[in-house]
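Number of protein chains: 2
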Amino acid sequence: MARTDFTERACSVARTLGLVGEQWSLLIMRDAFLGVRRFDDFQQHLGIARNILSDRLGKLVEHGLLNRVQYSERPVRHEYRLTRKGIDLFPVLFALQKWGDIWAMGDDEPLRSVVHDACGKVTHPVPACSHCGETLTPFNVTASPLPLDELAAERG
Amino acid sequence: MARTDFTERACSVARTLGLVGEQWSLLIMRDAFLGVRRFDDFQQHLGIARNILSDRLGKLVEHGLLNRVQYSERPVRHEYRLTRKGIDLFPVLFALQKWGDIWAMGDDEPLRSVVHDACGKVTHPVPACSHCGETLTPFNVTASPLPLDELAAERG
Numbered sequence: 104m105a106r107t108d109f110t111e112r113a114c115s116v117a118r119t120l121g122l123v124g125e126q127w128s129l130l131i132m133r134d135a136f137l138g139v140r141r142f143d144d145f146q147q148h149l150g151i152a153r154n155i156l157s158d159r160l161g162k163l164v165e166h167g168l169l170n171r172v173q174y175s176e177r178p179v180r181h182e183y184r185l186t187r188k189g190i191d192l193f194p195v196l197f198a199l200q201k202w203g204d205i206w207a208m209g210d211d212e213p214l215r216s217v218v219h220d221a222c223g224k225v226t227h228p229v230p231a232c233s234h235c236g237e238t239l240t241p242f243n244v245t246a247s248p249l250p251l252d253e254l255a256a257e258r259g
Numbered sequence: 104m105a106r107t108d109f110t111e112r113a114c115s116v117a118r119t120l121g122l123v124g125e126q127w128s129l130l131i132m133r134d135a136f137l138g139v140r141r142f143d144d145f146q147q148h149l150g151i152a153r154n155i156l157s158d159r160l161g162k163l164v165e166h167g168l169l170n171r172v173q174y175s176e177r178p179v180r181h182e183y184r185l186t187r188k189g190i191d192l193f194p195v196l197f198a199l200q201k202w203g204d205i206w207a208m209g210d211d212e213p214l215r216s217v218v219h220d221a222c223g224k225v226t227h228p229v230p231a232c233s234h235c236g237e238t239l240t241p242f243n244v245t246a247s248p249l250p251l252d253e254l255a256a257e258r259g
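Protein chains in written order, with this note's numbering: chain H, 104 to 259; chain R, 104 to 259.
Misleading hints may appear alongside valid ones.
Which copy is meant is left open, because identical chains are indistinguishable; a pair holds if it fits in one copy or across any two.
The calculated SDA-like cross-link candidates involving lysine to any residue, where the alpha carbons are at most 20 Å apart (straight line), are [claimed, not checked]:
#1 Lys224 / Ile190
#2 Lys188 / Arg171
#3 Lys188 / Thr240
#4 Lys162 / Gln126
If you are wondering where the hints come from, they were derived from the structure by calculation, not from laboratory data.
Excised from the complex, chain H in its bound form:
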């Protein structure tokens, strides 16, 4: 059976997972938000095999989440910089971190705290309604069901 290509599904979440959902890719993006830009730094920080890192960075560039930019002529050196599309992944990664802080880490394990510069407090993200600002939960939103023909398309 062929590997499922999630990018061919008519569903936003599936397609996102097809583009950037691979675990190493998300960890690379997480590192990019922490300021990592260079191949060797990603490699060292993630402890990832160089061929896998090279493949994932290539895909993230191909999909437009990172730009590969030359920063030195002699020797020729490149670094990877977040694009607008990549920066927009911030809420996903921050939400993953919050979930993990609560549900995946032991009580005695150190967490990476994030400070909101403006208010100076350690913060975590709360999903707010883009219209009125109230906190969104699974219990106060209603998702429109897709029509049947779209469900068929979603099945791919």
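Position chain R against the provided structure of chain H, taking the given hints into account.
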């Protein structure tokens, strides 16, 4: 080379990805938020192979994101219900959907709109500071660097 076990890393995002980051698992959780509870309904809706679905549902139960509950005695039938730990994944999935709506879907493709019941408007989630409510971006937060020994642990 052995497959990386992300759950052994001392990093919140990596561990989260190790627990629930597999693409089918996240799509199953997405379906659970849309109200899907039964094996055959997941199978039909996702177009997933039954053995893969069985494996992923088992892992989600094992990790405590879904409960397997008997809902019929004759015949014996079970369904899968979100736990508190599973419900807490809502911001992750909603953020994935938002990113995909903007960056992964074509202009002519239908999106699954979500309405905020209280204000009645189509909504998407904006990450707000848990302390002051202001919108969080990569440019107005500061992540604490982990000490070196924790980085070593993070490398696994």
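Subject >> Structure-inconsistent hints, enumerated in ascending order >> reply: Hint 1 alone not satisfied by this model.
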